[in-house]
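Visitor: Spelled out, the chains give:
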Amino acid sequence: MPYRSFMFLLFCGALLFASAPAAFAVEDAPPAWLQQAAIARVPSFSKDVPAVVLVDEANVTVAPDGLITTTYSYAVRILTREGRAFAVAAEGYATDIGRIREMRAWLIRAGGASVKRYDKNDVLDQAAALNDVYNETRIKKIIAADDADAGAVFGYQTVSESRSIFNQMVWAFQERIPVISSRYSLTLPVGWSATSVTFNHPKIEAVVNGSTSTWELRDLAPIAPEPHSPEVTTLAPRIAVSYAPAAGAAAGLNRTFASWADVSRWYTELSDTQVTLDDALASKARELTSSSKTEMERIRAISRYVQKLQYISIQIGVGRFRPHSATEVFAKAYGDCKDKANLMRAMLRAVKIESFPVLIYSGDPTYVREEWTSPSQFNHCIIAIKVSDETQAPTIVQHPKLGRLLIFDATDDQTPVGDLPDHEQGSFALVAAGADGTLMRMPVTPPESNQMERQVEVTLAPDGSLTGTIHERSTGQSAVDERRLFNHLSRPEYVKAIEEWITRGATGAQVSKVEPVDQSADGRFTLDVDFNAQNYAQNMQNRLLVFKPAIVSRRESLFLTEPLRKHPVVLDSNAYTETVRVKLPDGFDVDELPDALKLDTAFGNYAASYEVKEGHLVFTRKLTLHATTIPVEQYSTVRNFFERIRSVELSPVVLAKK
Amino acid sequence: MKFLRIYACITVIVCLTLAAAATAPAALLAAGEDWKPIDPAELALKAPVVEKDADAEALFWEVRVDDGPVGELVFTHYVRIKVFTERGRESQSKIDIPFGKIFGSNIKIKDIAARTIKPDGTIIEIKKDDVFERDIIKASGVKLKAKSFAMPGVEPGSIIEYRWREVRPNESANYTRLQFQRDIPVQTVKYYIKPYPFPDRSMRAQTFHGSVATFTKEKNGFYSTTMTNMPAFHEEPHMPPENQVRTWMLIYYTAEDKIEPQKFWRDLGKRVYDGTKSFLKPNDEVKKTAATVIGDATTPEEKLARLFNYVRDNIKNVRDDASGMSAEEIAKVKVNKSPGDTLKRGMGDGSDIDLLFASLATAAGFDARIVLLADRSDIFFDPGFANPYFLRPTDVAVKVGDQWRFYNPGYRYAPMGMLVWQEEGQEALVTDPKEPVFVKTPVTPAEKSLVRRTAKFTLSEDGTLEGDVKIEYTGQLGIEKKEEHDDDSPAAREEALRSQVTSHMSTAELSNIRIENVTDPVKPFVYAYHVRVPGYAERTGKRLFLRPAFFQYGVGPLFPTSERKTNIYFHYPWSERDTVEINLPAGYVLDNADAPAPLSAGKTGDYKVRIAVTKDERTLIYNRSFTFGPPDIILFPISTYPALKGYFDMLNKSDNHTITLKQGTAKTTE
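Chains as they are written, first to last, in the numbering used here: chain A, 1 to 658; chain B, 1 to 670.
Each hint should be verified, as a subset may be incorrect.
[Stated by the list, open to error] Stretch by stretch, here's where chain A covers chain B in the computed footprint (C-beta under 8 Å, at least three residues):
(1) 153 to 166
(2) 583 to 590
(3) 646 to 659
Keep in mind that the hints were calculated from the coordinates and are not lab data. In this text, a Cβ means the ideal position worked out from N, Cα and C, and glycines have one as well.
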């Protein structure tokens, strides 16, 4: 490449600049609805609200042949520099069943000074799930963030067509930013009917005008993110609409579901034929279980194999719902959640254990609602295994018709049989078992199943240096956290992570041993660490030694730092105990100990105590938290609970020279 | 405002060239050739060879780079990987090969083949249908796609291998970067390169951070070079820039048979001078402005300062986040073709402003030049490599007396006499019609990159600390703070400050927050706030334990881990000065107020703490000063890591120094 002279640079710059205006679309008047929205007065919001939605409206028309045409209109006012990120038009579609016919956008600059129009040349069309090897769901976007300034109004309109597998739709009235007006209108062929269910809000009644039903909410306040709050999908109002053709309309139109048993039948029909079994697969199942003596051991052996298969998602057509055949997944040794659940069903069948697919929502345990019978509520597939009385585990539920079912997630390779990821615990899920299938509540494991026990043995020298060992033993979801760290990091990275944890409590500590043992089959994880730290205790005037007996932090800490809060606090179920035995240095007596602390609340308990015995200081702390959603009115109680724990765990012990 | 310099458009061009190599494990089997035989020893391999804890290791990684006369650049890739652990299985099982229209290139992917060899020797080959082509993004003029596939049946002990051809029509291998390290270690990396048969130019290769490559003549016009036992590339905190750590090779064409660096730079400096002098030539308006601005200034420093301040205060940088221009205004900006245009329009980009400054200085009788400089955040420039690849026309040099001084008025936050850290401590080529010279740009001394923190608190008997805080950042620290915040709204700035404080002091409640001079080019960046911290001091039955180093409370050691693989690098020297005054609670008196010992690291670091009490014993005054870095680039060899870590550990320990208050009554003053 020749040397780039200034001339050349300027030439390049000129090219760039010259091309820029050409890339901008021509000026054009925005539609009336957008102009109106732009001049409407909006209430004032706190300064951290980046943008406000002025219009969020879908007009949906269903044709007699099931074709759905949606005209979607959206307008947002940018309030801050960060709000520019909201000047984006985004509309998803599935290439096999839908298309976006038209997408136009406008930016009305502050005060209506000028308007920029965006057209098809500005449209980005991108894969919705970048991690999937293949997925037909895509998004069309117009990104106007770089053109927008605070005070501008960005609006867009799309016209799209699609064919749904179900006669059901969901409309969320809000995400996190405030909304002035959100409206959903559904126009059906004459004689058709629609019903709706409202979530996270008092019932929203439709206004019916001819064959059009309209649901609307106005003036929705922002939903600010808060630590340990319910997911926004549990806070923002939404409706689910089901519609049905007139009695006697042509068959073959989209499905409707009158009951959960209907949904169960649908998914059973779709998936049962994929539980295929050939000789190779059957013999693999038998080989895996050949040394298993009990039902649980057989399940565990197969579960380990399936969980270790590579997670790969390939979503084509009906494959979004139907798993690949078990023999195909076995041959390729990869698949997604439903593929894995389905393969496990086939392998269990080979060893005469019956099982059922379970549809669940991963990410928000309160997302799925009983009152709306729809497969659209689910995004994940796990498995329910019919077990005899000999099998015991905290994740067994009693099904009214199918009996005892062991619930298991074959995708989460950190959570073994007998446990369930905490974001799935307590949620509604559909056990798909034909006519016997039902929606049922998933199990919640008790705190003692998710326990971490830590033993710390240290010797404190008169110069303040410390030598000691840490032994940790975790179970359940506490072990999952440890296991995930261990499995996702290489050995050197893991050792570094442990070193960082130790040195955060004891500056300059040297870690001489890090021995993790993952007993994932039993749901346990143990960790042994040897370390020493110079100057751990501070020597004061050569007569006092001051140190904190809580040498290392609990791995998970909850910091509710804000004085006020708007939403409930969600706690997971877990328990933690620690005993620290400090051999005291010769020539020193304990001069002062922190006060013991005992806290008992409905959501959890805590106890910390100190004892001097036979030349040792014994410090114990025990925290138990129950899976609870604590109403916001009790926020000060829960904040105070954790603040008192934090305070006591920072308290030092004072030794004085004899 | 981001660190964007004159060379933005060139960077794009370079990136395009580099993308060819960066995307790819590449290797070499022509289409139709079969897989290489599997050595049973490879299948039996139980542990990695290059790095003992690796989860997977490339047994070989071969790339054939064909820049032959066909008019297209072809990379043929072949990589064979041994998987040792479940982590290795997970990280290596899914392959994405991007292609499509990317910045004017139209990359095509052909002849993908992949297979898994299971530990028992069973081979599973992917079928044509298993390769999915998907659009990652489609837009006007851009279409980025990927060929994606999953390796079947992978388990620990498996070998996976795949190969493909990447075709780039109408492209050359000139200035292509060839990587020799991946995210996993590699036993053997081999590049086969077939240069374009220029009649008057030949291909050269320059290795960075590795042994000098030797080439072997192969069949069909290819030359090969091999490196073995290449460790994985790992990132570490405070490491030199990636290009300064990785092993990589730059290939390029040149007409020179033997390049003598001194002569090369001399010729280049002359050529650039000739090419740029017309841009510095002042027109009448520039001359008039220079005379007006300089006015009654007499010394060269004074004159240059007036010119510098003039351009920065009067010429709007349209690429500056803090310009205050709307997106619409920026979109309408026209290109300046000369400093006269920049002056007339009162706006331009950073390079326009630099050129105008140089032109004004020329008009005032100064000898002003364009300076070619490398970016220290990319690589430490070495003039021994006689090639302009890393240099960009970046700053302006003006001769004052017999010294060249460097200026960058186009960059809003670099005050007169200072460059942004990426440009400091680098060899700058000062262009000249006769004798261009390399001059090292100065590094801002630690005293000028200062954070000055002051606080006045009252401590309550229950351990709550409450009071007012002010923090001022100057020099490079100030620039970084301004860059961090200048694109944020006031609310976002406040939120960032709250998060920063509560991340190491969870109970802190901030109020009356003021964040000042965020976009001011000269004044220090300032945080000021009122803070209340319940439980700051720890209370026992008869004592309160207080850490007076408020600003370091809860901050962990800088180097928490004992292992280190790379040299240790700090961007610039800096200093810290803290003063914390704490009114003590009634009912408590100081039990001890001894200060931690000073910590000296020779010329590199100096840490001192002084703790004093007012006469009435009611107020504790804590002074902390810390200076780090010699007046040069701060780069420590890895061998010094234990000592450096030990120093920062001691510093952290001293920052956690606790003093004791005991119950009692203080003496009263008269």
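Visitor: So, for every hint listed, does it hold in this structure?
Guide: Hint-by-hint comparison with the structure:
no.	hint	in the structure
1	153 to 166	holds (count 3)
2	583 to 590	violated (count 0)
3	646 to 659	holds (count 8)
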